[in-house]
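Listed in order, the protein sequences are those of chains W and Z.
Throughout, my numbering is defined as the position within the first sequence, counted from one, plus 3.
Throughout, my numbering is defined as the position within the second sequence, counted from one, plus 31.
Some hints here could point you the wrong way.
Cβ pair distances, simulated, as ranges [claimed, not checked]: (1) Z:T37 with W:K209: 24 to 34 Å; (2) W:E200 with Z:D50: 27 to 37 Å; (3) Z:T37 with W:R283: 49 to 59 Å; (4) W:N258 with Z:E87: 47 to 57 Å.
Hints were generated in silico from the structure; no laboratory data involved.
Quick reminder that beta carbons are idealized off the backbone N, C-alpha and C, glycines included.
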Amino acid sequence: MESAILSGALGLLDGMFHLAPGQVVMMAIAGVLLYLGIRKGFEPLLLVPIGFGAILVNIPQAELMAEGGTLRFFYDFGIRTEIFPVLIFIGIGAMTDFGPLFSNPKIIMLGAAGQFGIFLTLLLALALGFDKLDAVAIAVIGACDGPTSIYVSSRYAPHLLGAVSVAAYSYMSLVPLIQPPIMRALTTAREKQIVMEMVQQAPVSKTTRILFPIVVTIVASIIAPLGTPLIGMLMLGNLLRECGVVERLKLTSENEIANIVTLLLGLAIGGTMAADGFLRVETLMVLALGLVAIGLDTVMGVLFGKLMCLFTRGKINPLIGAAGISAFPMAARVVQREGQRYNKKNHLLMHAMSANAGGQIGSVIAAAVMLSVLKGMGII
Amino acid sequence: MATSVTAPMVGKILKIEADTGATVEEDDVIIVMEAMKMEIPVVAPAGGTVKTIKVEVGQSVEAGEELAEIE
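Isolated chain W (complex conformation) (with noise of 0.2 Å):
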């Protein structure tokens, strides 16, 4: 009898003999994915669900992400089926208002260019001998997108998941402190200062703003197919919103769909950065590559502006190029930021918002541009 009981009582110690040094490394790693969320506000909705999933995984003997694992049923259910980024893409369609495009349509040009560091980080993944199919979800990292990037490596190189979204999400949240020194060395002094035109608010008409998503998922649909689903979601999600007569559908999208995929995305991301799979130099090359693409996107994006600059004869301010990545709307506000502190009476806002929302675009449409060269080259 209390050889029964003591082995009882072993029984609950087991855990703890089974703690292998890498998952208390991993436990501390989202602990610190946790203070970033909750003490820091980096990115909260997201990182905080990655954070403990990243907890749970580590459990010993738990067993969350084996078959039939509560972890691993969302990411079997919402990640390898790649719907959860798709759904979300919906959720940001609804909530995104794309009135600045049309405000200035030239500006969202940059949005492309903001676009570049992309297919550079791929060239410099590649080089660096990542596999071709890692490389692309590495180089995603640029679009300073988080669903894009969680598309594209859950069906190209799921293994690397759990790297790529935290380094795109925490990315996103340190835009802010990343294009300000890009900015600053890329443009002289005298550029730096240029004021540019109030915008006026155009009048936009509905008719306009209904065609936009119908005609963006159409042209960009059959440019590059395997964007489809991204940017059809995107663009529902905005009619959804802009033609008036769905708002049930409009609230349902922008909020409890949103939300609840959110919460499930974070946690089975989570989920993948189980000590074995994420302790690795590779995930540090992740990391610090997907940091070279934003600082990249950011170069690229300037230096556009500053051509922009050029044939405008002084009337563009490049550094309105920085908000040409998606990161909607800190981009936006760095470069007002940036603007007011070379010359107080500048506001560049209106004009970075128009790059801004260009770039959210551009970043779906360069994903899809990218895969669909890749199968054109037969890579994948």
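Given the coordinates of chain W, work out where chain Z should sit on it, guided by the hints.
Below, chain Z alone, put in the same frame as chain W:
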């Protein structure tokens, strides 16, 4: 000659930093606006005395709307 301080973009008035009659330098903050959930300081285009403040805290303004006059 009076100079007007105008709203650089659509937004809401968050704070009024200068009182009527106050002496201000060029680039001193007159009003803080909120646009896109961001605080935007609106500065004096030239030095002088604040003649009138034409808006109240909480008021929504259009781009280009006159916020204050400086003399």
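Verify the CB-CB distance for Z:T37 and W:R283 against the hinted window 49 to 59 Å. holds, 56 Å
Supplied distance hint 47 to 57 Å, evaluated on CB atoms of W:N258 and Z:E87: violated, 33 Å
Z:D50 and W:E200 - C-beta distance against the hinted 27 to 37 Å: Between W:E200 and Z:D50, where Cβ atoms are some 31 Å apart, the hint holds.
Does 24 to 34 Å hold as the CB distance between Z:T37 and W:K209, or does it fail? Holds: the Cβ-Cβ distance is about 29 Å, inside 24 to 34 Å.
The earlier numbered hint that this structure contradicts is number 4, and it is the only one.
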